[in-house]
Each structure stands twice: as C-alpha cells, then as structure tokens.
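K.L.:
Below, each chain spelled out in residue letters.
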Amino acid sequence: MSLLSIEHATKRYRRGRLERVAIKDVTLEIEPGELVAIWGARRSGRTTLLRIAAGIESPEEGTVKLEGQDLARCRDRVLGRRIGYCQVCLSSAGGGLVVEHVAAGLLAQHASPTHARRRAQEMLVRVGAPECGRLQCHELDGAEAAVVGIASALITAPALLVIDEPTNGVDLLEREPLLALLRSIANEGTAVLMSTGEAHGLAGVDRALSIDNGELRGDARPPQAHVVPLRRTESGARRR
Amino acid sequence: MPSEQVFEERDTDLAGAGALRSQVACAVLGLVIEKPSHGYEIGQRFDARFGGFLSAGRSAIYAALGTLVDAGLIEKMTGRSTTGVRRGAKAGAPYRATARGARAYRRWLAERVRNDPQRVEMLGRMTLAGVHSVGAAAQFIAGYEQECVREAQELARPGRSMVANSAGITGLVERLLIEERRRMIDAQLAWITYARAEIRALGAGSASGDDPQ
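The listed protein sequences correspond, in order, to chains A and E.
Heads up, the first sequence is in the numbering used here, so the first residue is 1 and it goes up one at a time.
Heads up, the second sequence is in the numbering used here, so the first residue is 1 and it goes up one at a time.
Check before you lean on any hint, since a few could be wrong.
[To be verified] On the chain A side, residues computed to face chain E include the following (Cβ under 7 Å):
| id | residue |
| --- | --- |
| 1 | E122 |
| 2 | H200 |
| 3 | V205 |
[What the hints assert, rightly or not] Calculated Cβ distances over 10 Å to all of chain E for the following chain A residues:
| id | residue |
| --- | --- |
| 4 | S5 |
| 5 | V21 |
| 6 | S210 |
Honestly, the hints are just simulated from the structure, not real lab data.
Heads up, the beta-carbon is just placed ideally off N, CA and C, and yes, glycines get one too.
Make a model of the complete structure from these sequences and hints.
P.N.:
Right, here's the structure in full:
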C-alpha cells in the first residue's frame with residue numbers, strides 16, 4: 001500500500017459554456033520518504049493535481065487515498081494533520097508574527113498556545129530560519145517566506161508534504177538551499193510532492209514527472225516495490 | 001500490453017540502437033519511412049535532403065540499407081504495396097519501413113536531437129522525413145520532453161553536486177556550467193510547450209493525421 005495513491009483522477013472546471021479539463025485520468029503513487037517533482041507550464045494542471053493530492057479539491061472521477069483511506073471520506077481528519085499543504089505566499093491570517101503563523105496548525109488542533117509556540121520555534125530551527133520567528137510576516141523575503149511556509153506545514157508532523165512551486169519568488173542563489181531542505185525532509189521519511197515550472201526544481205529529485213494539458217507523463221509509480229518493514233514478534237524474531 | 005509485445009519491443013531497442021549509431025543510417029531510415037523507395041532513389045533523395053549536411057556516397061547508403069534490413073527496421077517489399085509503389089525490374093524491390101523501424105526512429109530522434117549541436121537543422125530536416133503526422137509529432141515531443149526532464153533531474157547527481165558545492169573557483173565553475181545547462185533545458189521545455197500548442201492547433205484544424213505507422 002502506497003502512502004498516496006491517486007487512481008485515474010479527472011477534474012474539470014466550468015465557467016458558463018466553457019469547460020476546461022484540468023487533469024485527465026491521472027494515476028500517481030508516492031511512497032514514504034520520496035521526493036517527487038512535477039514539471040509543467042502554466043495552466044498545465046500542475047496546481048490542480050497538487051490540490052487534489054492534498055485533499056483540498058476532489059476529483060470528479062477517480063480516487064485519492066492516503067495510507068489506504070479514501071480522502072473523500074476522511075478529508076477533515078487528514079488535511080492539516082497527515083497532509084501538509086504549503087503555500088509559499090504567506091497570509092497574515094495566522095497572526096502577525098511569524099511564530100504565530102507557524103503555530104496556527106497546532107492551535108487549530110486545540111494545542112495549548114505555549115506548546116504550539118514552542119513547537120513553532122523548533123520548526124523554524126528545523127528549516128534553518130530561527131531568527132524569523134519574531135518578525136512580522138510581511139517582513140520576510142522570498143526565501144524566508146518559503147521556509148516559513150514549510151515550517152507551518154511541518155508542524156503537525158505530516159506524512160506527506162505538498163508544496164506548489166517552492167522556488168517561485170526565491171532569489172537564484174537561495175534556491176539550492178531550499179531544495180536541499182526539501183531533500184532532507186524526504187530523507188527523514190516525510191514524502192514530498194512538489195510542482196515546478198523550471199528545470200531547477202527537478203534537480204536531484206527521486207522522480208521527475210511532467211504534466212501538460214492535464215496529462216501526467218513519466219513514472220507514475222515508484223520504480224521499486226514497496227518494502228514492508230520488519231516487525232518484531234512477541235518472541236523477538238523478525239517477520240514481515 | 002501482451003508480454004510477447006514487450007519482449008519484441010526490447011529486442012527492437014537493442015537492434016535499433018545498434019543500427020542507428022550511424023547518422024547516415026538514421027537519415028536513410030527517415031527517408032524510407034517518408035516514402036518506400038528503391039536504393040537508387042533513396043540516394044537521390046538523401047542528396048537533396050541532407051546534402052551538405054551529411055555526406056555519404058552510394059556505397060554508404062547501400063551499407064546503411066543493409067544494416068537497417070538486418071536490424072529489422074526496414075524490409076524489401078514484395079508485389080504491390082498499399083502505397084502504390086511497384087516492384088522494380090532493374091533495381092530490385094523497394095524498401096519500406098517496418099513498425100519496429102518507425103518506433104526506433106522516433107525514439108532515436110527524441111533522444112539524440114536534444115544533444116546535437118546542430119539540432120535545429122536536424123530537427124527541421126528529420127522531422128520532415130520521419131515525423132509526418134500530428135500523432136507522430138506529439139509522440140516525438142513527448143519523448144523529447146522526457147529526455148529534458150530526465151537530464152534536469154540528473155544535473156544534481158551526487159558526484160557533480162559535491163564538486164559544485166566545493167569552495168573556490170572549481171566549485172564556482174561547476175555551478176556555472178550546471179546553471180548554463182539548466183537554462184538551456186528551461187529553453188527546451190519552453191519550446192516544447194510552444195510546440196505542443198502548435199500541434200494541438202493543427203490537430204484541431206485537421207480532420208485526421210495521416211499516420212501510416
């Protein structure tokens with residue numbers, strides 16, 4: 001069983017008499033710890049695919065499952081908990097201070113403000129931006145906004161991080177560290193699904209796919225079979 | 001896909017890869033795909049299409065035809081074909097492309113054109129010869145895109161990243177080379193997006209692409 005499994009998903013948008021198919025019959029599987037990038041031009045369907053993977057939108061046809069559970073039935077329990085959706089552009093809805101913005105995900109789950117703020121500061125340290133916590137959101141530059149967005153998404157310890165165009169608006173010389181951060185997050189076991197409109201975002205990822213006109217191309221499934229972790233039995237022997 | 005077909009395509013890959021090492025052989029295959037012909041006529045069309053760009057004498061053309069036949073990428077026609085070419089009395093039977101040949105040619109084109117320093121001219125000439133329908137053009141573009149995406153992914157492979165991350169002028173030069181290549185890939189991907197829009201527009205405008213493959 002894959003961490004994320006999208007099967008034959010199709011999504012259309014309608015405006016009056018006009019209809020546009022955003023994604024067509026897309027199948028995609030992601031395993032824990034994978035870093036997967038989807039390259040696509042504007043209006044290729046890349047953002048729609050990510051929003052569907054994150055459970056923000058539902059496909060009209062097909063299914064989306066996280067850890068075997070249909071997102072259509074468990075979206076409220078999963079989004080913001082097992083799935084972190086990262087928006088690089090910060091809004092001030094989560095509070096004026098960056099640390100409050102990062103803490104918002106835990107506060108929404110009724111964590112105590114003290115605990116949430118402490119975890120938020122830990123997350124800012126994790127993404128390499130400890131000094132940003134005391135700044136106002138509007139004071140951040142592009143790279144800082146990106147890593148703060150990632151910290152906000154990670155605070156609930158999700159199994160899957162979905163991030164739309166992480167390098168968008170980030171200075172050229174600061175993109176490499178940002179991509180290295182995503183790599184390290186995947187190496188720690190959190191699957192990362194990202195979109196990109198540039199070749200830069202594809203460098204070093206585990207799987208690089210492309211999308212055009214809603215059609216996904218490339219390896220939709222991981223190249224290796226999912227390995228079932230060994231568990232200890234009561235006698236101490238290992239078994240599958 | 002039936003398993004027999006999978007194995008057949010793998011065999012085709014091996015045979016095709018060997019036969020298409022020569023640019024002359026690939027150009028000849030493109031010409032045969034475009035129009036089944038006798039060896040002499042292929043030689044004339046080769047000169048008209050690729051003269052000044054690829055040089056090959058008649059013996060090289062016939063050697064390429066022999067290699068392509070041996071690899072199963074083209075074959076000699078027997079009797080009257082659906083294209084109306086009749087078996088010649090003097091020059092022997094005309095050559096025509098097999099389905100394997102058409103597949104191998106498209107794959108070769110998508111893989112090689114990306115790295116060829118004369119790719120713009122190659123593209124113009126070879127697409128005229130071997131990619132002559134909307135469906136084939138879309139397939140070619142898809143293959144080209146996969147090659148670009150794969151190369152962009154490989155740009156940060158560990159050995160290269162280690163050099164690029166090193167301090168001093170060596171690391172700087174490596175980073176600049178990677179960035180140059182990356183920007184070229186961006187340009188290629190942008191071109192692919194444009195080409196797809198053109199292909200879609202052409203496909204929408206015409207009733208059907210006449211794709212014999």
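K.L.:
Mind checking the CB of V205 (chain A) against every CB in chain E and telling me if the closest is under 7 Å?
P.N.:
holds (6 Å)
K.L.:
Going by Cβ atoms only, is E122 (chain A) closer than 7 Å to chain E?
P.N.:
Hint on E122 (chain A): violated, closest Cβ of chain E at ~27 Å, above 7 Å.
K.L.:
Can the hint on H200 (chain A) be confirmed by a CB-to-CB distance to chain E that is less than 7 Å?
P.N.:
Result: holds, 6 Å to nearest chain E Cβ.
K.L.:
Minimum C-beta separation from S210 (chain A) to chain E exceeding 10 Å: can you confirm that?
P.N.:
violated (5 Å)
K.L.:
Are all beta-carbon distances from S5 (chain A) to chain E longer than 10 Å?
P.N.:
It holds; S5 (chain A) is separated from chain E by about 22 Å at its closest Cβ, greater than 10 Å.
K.L.:
Taking 10 Å as the cut and beta carbons as the points, is V21 (chain A) off the interface with chain E?
P.N.:
Label holds. Min Cβ-Cβ 13 Å, cutoff 10 Å.
The structure does not agree with the numbered hints 1, 6 stated previously, though it agrees with the rest.
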